[in-house]
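**Q** Protein chains in written order, with this note's numbering: chain A, 1 to 225; chain B, 1 to 246; chain C, 1 to 218.
Read the hints as simulated data drawn from the structure, not as lab findings. This one's a predicted model, so the numbers in the text were calculated from it and none came from an experiment. Cβ atoms here follow ideal geometry from the backbone N, Cα and C, with glycine treated the same way. Among the clues, some could well be false.
In silico DMTMM-like pairs for lysine to aspartate or glutamate, Cα to Cα no more than 20 Å straight-line [what the hints assert, rightly or not]: (1) C/99 <-> C/203; (2) C/129 <-> A/76; (3) C/129 <-> A/162.
To list a few chain A residues with every Cβ distance to chain C over 10 Å, as calculated [claimed, not checked]: (4) 3; (5) 4; (6) 25; (7) 32; (8) 41.
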Amino acid sequence: MFGRIVWLVLRKDFMIEVRSLETAYTMLFFAISCVLVFAFALVQEGRAPEGGAAGILWIAIAFAGTLALGRTFERERQAETLRALLLAPAARPAVYLGKLLGIVALLSAAETVLVPLVALLFQAPLLAHPIWLALILLTGTVGFAAVGTLFAAMLIRARSRDVLLPVLLYPITVPVIIAGVRATSVLLEPDVNTGFLQVWLALLVCFDVVFVTLALWTFEPLMTD
Amino acid sequence: MTPADFDHLTVDDVSRHFGRRRALSHISFRADRGAILGLLGPNGAGKSTMLALLATLLRPTSGRIRYGDGGAAGAALRAAIGVLGHDVFLYPELTARENLEFFAGLYGIADLGAAASRALETAGLAGRGNDAVSSFSRGMRQRVALERALIHQPRLVLLDEPFTGLDDASAEALGRRLTGLRAGGAIVILATHDLDLAQGLLDRAVFLRDGRVVHAADRPDALRAMYRDLMARVGTAADAPDLTSR
Amino acid sequence: MPKWFIPLAILCGLMCATAPILVAQAPYESTMGLVQKVFYVHLPSAWMFLLAAIVCGIASVRYLFGGDSRQDRLAWAAAELAVLFGVVTLVTGPLWARKAWGVWWQWDVRLTASLMGWMVAVAYLLLRKYGGPGSDKLAAGLALFGMANVPFVYISVNYWRTIHPTTNVVPTLPTSFGVPLWFSAAAFLLLFVLLLRLRMRLEEQRARIDALYLSMDT
Chain A
1 MFGRIVWLVL
11 RKDFMIEVRS
21 LETAYTMLFF
31 AISCVLVFAF
41 ALVQEGRAPE
51 GGAAGILWIA
61 IAFAGTLALG
71 RTFERERQAE
81 TLRALLLAPA
91 ARPAVYLGKL
101 LGIVALLSAA
111 ETVLVPLVAL
121 LFQAPLLAHP
131 IWLALILLTG
141 TVGFAAVGTL
151 FAAMLIRARS
161 RDVLLPVLLY
171 PITVPVIIAG
181 VRATSVLLEP
191 DVNTGFLQVW
201 LALLVCFDVV
211 FVTLALWTFE
221 PLMTD
Chain B
1 MTPADFDHLT
11 VDDVSRHFGR
21 RRALSHISFR
31 ADRGAILGLL
41 GPNGAGKSTM
51 LALLATLLRP
61 TSGRIRYGDG
71 GAAGAALRAA
81 IGVLGHDVFL
91 YPELTARENL
101 EFFAGLYGIA
111 DLGAAASRAL
121 ETAGLAGRGN
131 DAVSSFSRGM
141 RQRVALERAL
151 IHQPRLVLLD
161 EPFTGLDDAS
171 AEALGRRLTG
181 LRAGGAIVIL
191 ATHDLDLAQG
201 LLDRAVFLRD
211 GRVVHAADRP
221 DALRAMYRDL
231 MARVGTAADA
241 PDLTSR
Chain C
1 MPKWFIPLAI
11 LCGLMCATAP
21 ILVAQAPYES
31 TMGLVQKVFY
41 VHLPSAWMFL
51 LAAIVCGIAS
61 VRYLFGGDSR
71 QDRLAWAAAE
81 LAVLFGVVTL
91 VTGPLWARKA
101 WGVWWQWDVR
111 LTASLMGWMV
121 AVAYLLLRKY
131 GGPGSDKLAA
141 GLALFGMANV
151 PFVYISVNYW
161 RTIHPTTNVV
171 PTLPTSFGVP
181 LWFSAAAFLL
191 LFVLLLRLRM
201 RLEEQRARID
211 ALYLSMDT
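If we strip away everything but chain A, and leave its shape as in the complex, we get (with noise of 0.2 Å):
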């Protein structure tokens, strides 16, 4: 039952996504301004700075993020369709859990138009090491979603949702970007240091854990007033 809430509320974000392609093209073009505006900002006589790229590319993963998240709740408040959701009687966290992966799956799309840009525009060897850079990518953007859909899920009643999503969000999720900054940078040396990566990625799946269970918990709480 509760995995079938997941996949039905993860296939109706995904269908709804398809049909208007509305999020994914006005954050991945966002996401692309930004990065750059900071090769505007960064890049001096053709060459960016060291660890630059890293940066850079978690930037527009964040700021992109935050766009989508905002967008895709906002989409569930035109019709009220958050308060039919709420009214059926599926467990709220299967709720938490689809909206979730939607983000996450959404996220994960945009980077990887990402992520070859930046490599692209910056002389970064992003591409060596895949396998490494998609488990730091993946833990990251998880550690990052998850804290982002319960804020964004919550913020729906709210006045002045749309400010103060990046206000809670950006002071919390500040070890996901540390983590998935200097992990990406570890990545971009010549000769890359795996315990320095081991750490970081550790750090990012507890981080994870802790943040998925606790928003799993507080979900309900969260959502009924």
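Got chain A sorted already, so can you dock chains B and C onto it with the hints?
**A** Just chains B and C, lined up with the frame of chain A:
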């Protein structure tokens, strides 16, 4: 999920405040199976808040709502309630069928396709099931929304201004659907300010104004006259010095 | 207002008046000179900042799962004090750092983690102020997440880079430094308790006015 079973509901001295705004105060009434209860009153009288409380979306500040002899709560209770809200609760990008199948799934119905077909049939939209809801007229959306709310055959049916945007034929069809639900043993509660359409449909009318019950009548006829009379009476009473009604 | 409030307020005022004298009489530290004295304000305010954050976090969790509005008022008052003492900590820290490290700001672990914690407290207040009705629950959720986040911020910043004098020097401090430090810490703690009580009282009064207003049923 086994839906909760109850044959009446009682609202017992319920108040709901939002900060200092008193949306409802000391509301009491009872609704039974096989009867349609109308919550009538002007905009801002507290009808929608009352429905949200009955739907368990809000909790009362004080007082109690009891479903049957009490006990029913949580998911089992929500499984027995169907709500047609002020908004249609439908995803405009999805087709009518996809919307209905999604919600049928949320209510734990096993055969999603059959449930959606049945609902489309009842809505008179069997041929339009594969069109996106965004391409529907207001009336068609409202019909799909009603069948969405009833897809799990709820014991308690709550409708907020169900006649809005419907032409005469659709309003009549809605009326027939509601009397059908009454015959099927549901508790039907509808909030409306459209007295002409509610006329003849209601088994019981509860008049609300400024968050209070001003009158309740069984088997009401001549609703409009009753309403005009009541509102005029309360209006003059409210003009008296009153610190709370601001 | 409880009976203890006025006497304690007077005591707190006296202590705050005496503390500068004690601090002035404390010996000059050999390498840091006069600047070291900012430490008598910095350390106690940092402790109060931490205490306020812990109080806010625990009260928030209890509010979220218990629904007692007293806990909510406590959390709110504590969050405001966290921002207040956080500002004192974050302003006095760089004054000391300028002399000790030669720069105003270092991305050291305790500094950065304090800044992030302070940001969460500010976000908490912003949410309460601009979130509209129902933001009390949401703020409690934020406080819970902020609390769970502390070890992650700490570890991640720690790996990132670190330099900061460790706190374990405190118990071994010579008495000439220790007495004024503990004295001012006690004064700060008293101030913390008084402000917390006062701030909660304000919210209690507000809640009472609301209740009175709503009880005027005609």
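**Q** Work down the list of hints and note, for each, if the structure agrees.
**A** Okay, the hints, checked on the actual structure:
A hinted pair counts as satisfied when its Cα atoms are at most 20 Å apart, and residue 99 of chain C with residue 203 of chain C does not qualify at roughly 42 Å. For the given pair, residue 129 of chain C sits about 25 Å from residue 76 of chain A by alpha-carbon distance, which is inconsistent with the 20 Å threshold. Restraint check: the Cα-Cα separation between residue 129 of chain C and residue 162 of chain A comes to about 15 Å, which is no more than 20 Å; the hinted pair holds. In this structure residue 3 of chain A is separated from chain C by more than 10 Å, as the shortest Cβ-Cβ distance comes to about 26 Å.
No Cβ of chain C comes within 10 Å of the Cβ of residue 4 of chain A; the nearest lies about 27 Å off, and the non-interface call holds. For residue 25 of chain A, the requirement that its beta carbon stay farther than 10 Å from each beta carbon of chain C is met, with the minimum near 30 Å. Remark: the non-interface label on residue 32 of chain A is consistent with the geometry, its nearest Cβ contact in chain C lying 28 Å away (cut-off 10 Å). Annotated as non-interface, residue 41 of chain A keeps its C-beta farther than 10 Å from every C-beta of chain C; the closest such distance is 20 Å.
The structure fails hints 1 and 2 (numbered hints given earlier, in ascending order).
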